[in-house]
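Novice: Residues per chain, in single letters:
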Amino acid sequence: MNQVEFSLWIAVSSVLAGLLGALTGLGGGVVIVPVLTILFHVDIHYAIGASLVSVIATSSGAAAAYVREGFSNIRIGMFLEIATTLGALLGAYLTARISGHAIGIVFGLVLLYSAWATVRSRADESTPRAIKRSDLAERLRLSGDYPAPRADEGTQQDGAASTGAKIAYSAENVPAGFGLMFAAGTLSGLLGIGSGAVKVLAMDQAMKLPFKVSTTTSNFMIGVTAAASAGIYLSRGYILPGLAMPVMLGVLGGSLLGARLLVRMQVHTLRILFSIVIVMLGLEMIYSAMRGSL
Amino acid sequence: MSGAEPFPSAAPERDPHPGPDPEGNDRAMELGIAHLLRAGVTLSALVVLAGGVLYLLQGRHVTPDYRHFHGVTTPLARTLGSVLRGARARDGASVIELGLLLLIATPIARVLLAAVGFLRERDRLYFGISLLVMAILLYSLLFDR
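For the record, the sequence lines run as chains A and B. Okay, so the first sequence: first residue is 1 according to the working numbering, each after it adds one. Okay, so the second sequence: first residue is 1 according to the working numbering, each after it adds one.
If you're looking for bench data, these hints aren't it; they were derived computationally from the structure. One should not assume that every hint holds.
[Claimed, not checked] Calculated pairs, SDA-like style, for lysine to any residue (alpha carbon to alpha carbon, straight line, at most 25 Å):
hint : chain 1 : residue 1 : chain 2 : residue 2
1    : A       : Lys-212   : B       : Gly-32
2    : A       : Lys-212   : A       : Ala-176
3    : A       : Lys-166   : B       : Gly-128
4    : A       : Lys-166   : B       : Gly-32
5    : A       : Lys-166   : B       : Leu-31
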């Protein structure tokens, strides 16, 4: 296989990974790493380096749209980025010190968790939660409002901010959320993924933020979190241009396509199907790591 | 009645410099951030694409060895210099790396833009938080381990 063919195959796989990542909401990084390591036998360090780059691209691209629509909370995101960037530093530091096998096993476990988090029932969006007062959240201004969903939501994409109806929210359990965010950042730096599943866990489950605000703010934070470990990856030589190029372009293209499909597709059944794929990738990753072929 | 003005003066003009309006400024900041992110991703993807075309045209027709990790530690500052030199010489790999550096710079610029936005709103707490995040990012980029 020459360089052109190799790049083409990597690009095609990356488009599929980006598509799968967008449709499951997990992001392309978590899919492309097992594909690169298991299918293409790429060393896991290079795989997570290329994945991290694609994660910055897709999350920044998607964040642009969410921020404009008024769902992402910039203050909550910025505050929690203290935790995720510190975690990312720790994660990138650990990556250089633990073996590829250990990274593979942790990666497999994260895949299994992500699959489970995807199929688990979603928070009910129609009933706004009662706001509990939290001193810390108030002092840190961890509150906001977001455009209320309309009956015809899904068909219209640009009018979200213009309807006027807003649903207010405020964060709870701030220290727990902050701690979970540190863990999410560590996983991101260790595995070269966005670890959106853990970020959503921190905001949706711990801090009791509305689901839509959690997912979009989590996405908003991924780029900054990944940038914190990207510097370390770069100087350590994990990011190879020849590999990162098709991965970044492919995953970006695939997730843009996936985002368009999401608007007009009933994804619940697909989500379960895709979760099975993710579980298989996770199991294969753990198996390969234990066998020592990763 | 002659001294009276024929018309009452027009309704008082709107204050051209309204006081701090956190809501409006937040919205402006959000839009600025959205533009910045989109522009950064688009630009870096185009540079990476151009670099990729060059890279494949300049093809060394063998696939590099990605199976084995042979990491070499190079400080980012030195990487930056050689990337710029290589990109000027139209070396495909260097152009790709330039695109990747632009990509990594995008979220960092976003933090900076938010810091400026919070400063304008006189939100000292969040100005400080943005600077702290910025400091962590710069630490990760500039310090060799």
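Novice: Is it true that the CA of A:Lys-166 sits at most 25 Å from the CA of B:Gly-32?
Specialist: Since the Cα atoms of A:Lys-166 and B:Gly-32 sit roughly 22 Å apart, the hinted pair holds (cutoff 25 Å).
Novice: Between A:Lys-212 and A:Ala-176, does the CA-CA distance stay at or below 25 Å?
Specialist: Between A:Lys-212 and A:Ala-176 the Cα gap is close to 20 Å, so the pair holds against 25 Å.
Novice: Between the alpha carbons of A:Lys-212 and B:Gly-32, is the straight-line distance 25 Å or under?
Specialist: 21 Å, holds
Novice: Given the hint that A:Lys-166 pairs with B:Leu-31, test it: the Cα-Cα distance must not exceed 25 Å.
Specialist: 18 Å, holds
Novice: Given the proposed pairing of A:Lys-166 with B:Gly-128, does the C-alpha separation stay at or below 25 Å?
Specialist: 29 Å, violated
The structure shown violates just one earlier hint, number 3.
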